[in-house]
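Spelled out from the first residue to the last, the chains are:
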Amino acid sequence: MRVDRRLLLLIGVIALLALFIDGFAYVYRLATNQPLTGPIRGVPTLSIPFLGFEQQLYVHKGLDLQGGTHLELQITNVKSGTTISNARDIAAAILERRVNSSGYAESVVRPEGSDRIIVELPGVNLEQAKQVLGKTSYLTIWEWVPGTPDAATLAELNPTDAKKYTGYKPQFTRIDGSMITGASRSTDPNTNLPDVSFSLDSNGSNLFCNLTRDRVSHTTGTPDNKIAIFIDKDLVEDADVQSEICGGSGIITGGFTPASAQALAIQLSSGALPGTISIASASEVGATLGATTVKLSLLAGAFGLAIVILFMLLYYRLPGVVASLALLLYAAIALAIFKLFGVTLTLAGLAGFILSVGMAVDANVLIFERVKEELRAGRTLGASMEAGVHRAWPAIRDSNISTLITCFVLYFFGAPLIKGFAITLAIGVLVSMFSAIVTTQQFLQILAGLRPARRLAFYGVQAPKAA
Amino acid sequence: MDIIGRRNWYFLLSLAIILPGIVSMLVFGFRLGIDFQGGDQYSLAFTQPVQASAVQKEMDTFNVEATVQQAGPNGVLITTKPLGNKQETTIRADLTSKFPVDPSKSSYANVGPTIARELVVGAGGLILIASILIVAYLSFRFNYKFAVCAILALLHDVFLLTGVYSILGRVFNSPLGEINTLFVTAALTVIGFSVHDTIVIFDRIRENLRQASRLTFEQNVNLSIIQSLARSVNTSMTVIFVLVALFLISPPSIKGFTLALLIGIISGTYSSIFNASPLLVVWRRLDPR
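Protein chains in written order, with my numbering: chain A, 1 to 467; chain B, 1 to 289.
The reader is advised that the hints may include incorrect statements.
As the list claims (entries may be wrong) - Partial list, derived from the structure: chain B residues whose beta carbon lies under 10 Å from chain A: (1) 2; (2) 45; (3) 49; (4) 52; (5) 88; (6) 94; (7) 105; (8) 182; (9) 188; (10) 193; (11) 196; (12) 201.
Claimed, not checked - So these bits of chain A aren't anywhere near chain B, every CB distance computed over 10 Å: (13) 17; (14) 235; (15) 297; (16) 304; (17) 405; (18) 406; (19) 410.
It should be emphasised that the hints constitute simulated quantities derived from the structure, not laboratory data.
Everything numeric in this text was worked out from a predicted model, so none of it was measured.
From the three backbone atoms N, C-alpha and C, an ideal C-beta is built for every residue, glycine too.
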C-alpha cells in the first residue's frame with residue numbers, strides 16, 4: 001500500500017478542526033480582548049447556522065469537578081386524583097421556578113425515572129440548596145375592608161401592596177394555600193382568553209362561598225368588591241368578584257397571557273406541592289476540592305502521557321515517534337469531541353479518558369510488534385508495515401468491540417456517574433481505533449518512503465542474517 | 001519458555017489469591033459504601049491538624065453509629081447511618097462550630113435506603129449483561145470454547161478483585177476497600193480490559209491454527225502466548241504506569257477507585273496469559289474434538 005493522499009488530507013483536516021475547536025476559547029479571548037488565563041467573560045459559542053448547530057465550546061465540568069450540590073428528590077404521598085408522573089412534573093416545574101428565582105447559574109432541574117427529580121446546583125452548598133428548595137410559596141386570600149393597615153399586617157405583607165387603596169386595609173379571610181387542592185390553566189369559553197381555575201377543599205369551599213357572597217353585594221370595581229391573593233408577601237391578584245362562588249371551585253380571570261396564567265396556576269398549587277418531597281440522596285462538593293481534583297487529574301494525565309511517550313520512544317525508536325504524534329493527535333481529537341458535543345466531564349469520566357489512552361497505546365503496540373516480526377522475517381520496510389497493520393487489525397477490532405460492548409451496557413443501564421465514565425471511554429476507544437488504523441498506518445507509510453528512515457536499527461530490530 | 005506445561009502451578013497461584021478472598025467474602029462480607037447501604041458521609045477538611053478520635057468523641061454524643069477515620073493530617077471521613085434532614089443540619093452546625101472546618105475543601109453525600117437497594121441490584125445486573133453480550137460476540141468471532149475461557153478469565157479477575165477488597169475493607173478495615181459505585185465502575189473497566197487482553201492472545205492462536213503446521217495444539221497455544229508476550233507486557237506496563245501515577249496523586253475520595261483499577265488490570269494481564277489460554281488446552285484434552 002502506498003501513502004494515500006486522500007487519507008492524509010483527511011487526517012490533516014481533522015487535526016486542524018480539532019485544534020481549532022480546542023483553541024476556540026483562546027481565539028475568542030483574543031477576539032474579545034480578554035486575558036488568556038482566568039475565567040472567560042461570556043461563554044464562547046460556535047454556531048454554524050446552516051447546519052442548525054450551536055454549541056458552547058468549553059469543557060462542561062460535572063459537579064464533582066466544579067463544586068456544588070447534587071440532589072435526587074423523591075415524591076411520595078401523591079394527592080389522590082394525580083398520577084405520580086404528573087405530580088413529578090408539577091413538582092419539578094415548581095422547584096425549577098424556585099431555583100431560577102434564586103438566581104443560581106447553570107442549575108439543572110429535571111424529572112428522572114417515575115418518581116424522582118434531579119436538582120444540580122453548581123457552587124451552592126447543601127444548606128443553601130435546602131433553603132431554596134424547601135421554600136414553600138405560601139398563598140393567602142385577603143379581603144379589603146375600610147380602615148388603615150396595622151403594624152402586624154404591614155410586617156406580614158408588602159407595605160406598598162397593603163396600602164394599595166387609601167382608606168382600606170387587607171383583612172385575612174382564613175383561606176390559605178393549604179386549602180387549595182388543585183389549580184390549572186384554563187380558557188374562558190366566552191372570551192377565549194386564558195384564565196386560571198382552582199379547587200378548594202370543603203373547609204376552604206365554605207369560607208370562599210361566604211366571602212364571595214359578601215363581596216358580590218358591593219358595587220363592582222370598588223375595593224369592597226375585590227379579593228386579594230397574596231403569595232408570600234406579594235399581591236399577585238386583585239380580582240373583582242362577579243358572582244358568588246360555591247361548590248369548591250373558582251376561576252380567576254383578568255388580563256392573563258397563557259404564560260402568566262400557567263405561572264399563577266403553578267403558584268397556586270405550589271402553596272402545597274402535589275405530594276411529599278424527600279431527599280433520596282444528596283452530595284455536596286466544596287469548590288476548592290473540585291478544582292484540586294481537576295488539577296490532580298490533569299497532572300496524572302500529563303504525567304501518564306509523558307511516561308507512555310518516553311517508553312514508546314525508547315522501546316520502539318522511530319515508530320515510537322510516530323506513535324507519540326498519533327497519540328497527541330488522539331488526545332486533541334478526543335478533547336475536541338468532548339467540547340463539541342458538550343460531554344459533561346466528571347471524575348469517573350476523566351478516569352475513563354485516561355484509561356482510553358492506555359487502549360490507544362495498545363493498538364500502536366500491537367501494530368509495532370507485528371511490524372518487528374515481519375522485519376525479522378526479512379521483509380522490506382514497506383511490506384512489513386503494511387502486513388503489520390493488516391495482521392494486527394483483527395485483534396484491535398475484536399478487543400475494542402468488546403470494550404465498546406461494556407461501554408454500551410454501562411451507558412444504557414448505569415447510574416449517572418457510570419454513564420459519564422462509559423461515554424468518555426467509548427469516545428476514547430473509537431478515536432483510538434481511528435488513530436491507530438488511519439493515522440499511525442499513514443505515518444508509517446510515509447516513513448517507509450523516506451530513504452534515511454530505512455535503517456533497521458531505527459526500528460529496534462537486528463538485520464536478519466543471510467539465510 | 002513453557003507456560004502451558006506449568007499451567008497447574010499458575011492455576012494454583014491464582015487459587016492461592018482467590019480462595020482467601022472468597023472465604024473473606026463469605027465470612028466477613030464487604031465494607032459497603034453509603035451508596036450501597038444508605039447513610040451519610042462527610043469528608044471534612046480542616047485548616048489545621050485534627051485527630052479523628054476527637055471527632056469520633058464528638059460524633060458519639062449524637063448516637064448515630066458514626067465511624068470516623070483519619071484522611072491525612074488535616075482531614076477525616078465520617079460515615080453514619082442515614083440521618084434525617086434536621087439531624088444532618090444539627091450535626092454539621094455542631095462540627096463546624098467545634099472544629100476548624102474548611103467548607104470549600106470538604107464534601108458531603110447522603111444516600112437514602114431505597115436508592116441503595118436499586119444500585120445493588122443494578123450493579124450485579126450490569127456485570128451479568130456485559131458478560132453475556134461479550135460471550136455472544138466472542139462465540140461469533142471465535143467459537144464458544146474461546147468465549148467460555150475468556151469469561152472464566154474474566155470471572156477470575158472479578159473474584160480476585162472483590163476478594164481482595166473484602167479482605168482490605170473488612171480484615172484490614174481500610175477505607176480503601178469500600179465497595180461503592182466507583183468500585184463497580186472499576187470492576188466493569190477491568191472486565192473490559194481483561195477480555196481485551198485475552199482476545200489479543202486468542203487472535204494469535206486463531207491465526208496460528210489456520211496456518212497448517214506440525215505443532216500440536218498445546219505447542220501452538222504456547223507459541224502464541226510467547227509471540228504476544230512482548231505486547232501484553234508492554235501494554236499492561238504503560239497502563240499500569242498511568243494508574244500508579246493516578247493512584248499516588250488521587251484524593252482520598254477516589255484512591256479506592258484507582259487502586260481497584262490497578263489490582264484488576266494486573267490480574268487481567270496475569271489471567272489472560274496464565275489462565276485463559278491454558279484453560280483452552282485443558283478443555284481440549286478433556287474434549288478433543
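10 Å Cβ clearance of residue 410/A from chain B: Label violated. Min Cβ-Cβ 6 Å, cutoff 10 Å.
Supplied contact hint for residue 196/B, tested at 10 Å Cβ to chain A: holds (4 Å)
Non-interface claim for residue 406/A, where every Cβ of chain B lies beyond 10 Å: Its Cβ does come within 10 Å of chain B, the nearest being 4 Å, so this is violated.
Evaluation of the interface hint that places residue 188/B against chain A, nearest CB under 10 Å: With a minimum Cβ separation of about 6 Å from chain A (threshold 10 Å), the hint on residue 188/B holds.
Supplied contact hint for residue 49/B, tested at 10 Å Cβ to chain A: Violated, about 18 Å.
Claimed clearance of chain B by residue 405/A, with the beta carbon kept past 10 Å: violated (5 Å)
Supplied contact hint for residue 193/B, tested at 10 Å Cβ to chain A: Since the shortest Cβ distance to chain A is 8 Å, the answer is holds.
Given hint residue 2/B near chain A, where the shortest CB pair must fall under 10 Å: violated (21 Å)
Residue 201/B as an interface hint toward chain A, with CB separation required under 10 Å: The hint holds - residue 201/B has a Cβ within 10 Å of chain A, the shortest such distance being about 9 Å.
Agreement of hint residue 94/B with chain A interface, Cβ distance less than 10 Å: violated (14 Å)
Check on residue 235/A being off the interface with chain B, judged by Cβ distance over 10 Å: holds (32 Å)
Status of the residue 182/B interface restraint (C-beta, 10 Å, chain A): Constraint on residue 182/B satisfied, holds at 7 Å.
Against the hints set out earlier in the document, violations occur for numbers 1, 3, 4, 6, 15, 16, 17, 18 and 19.
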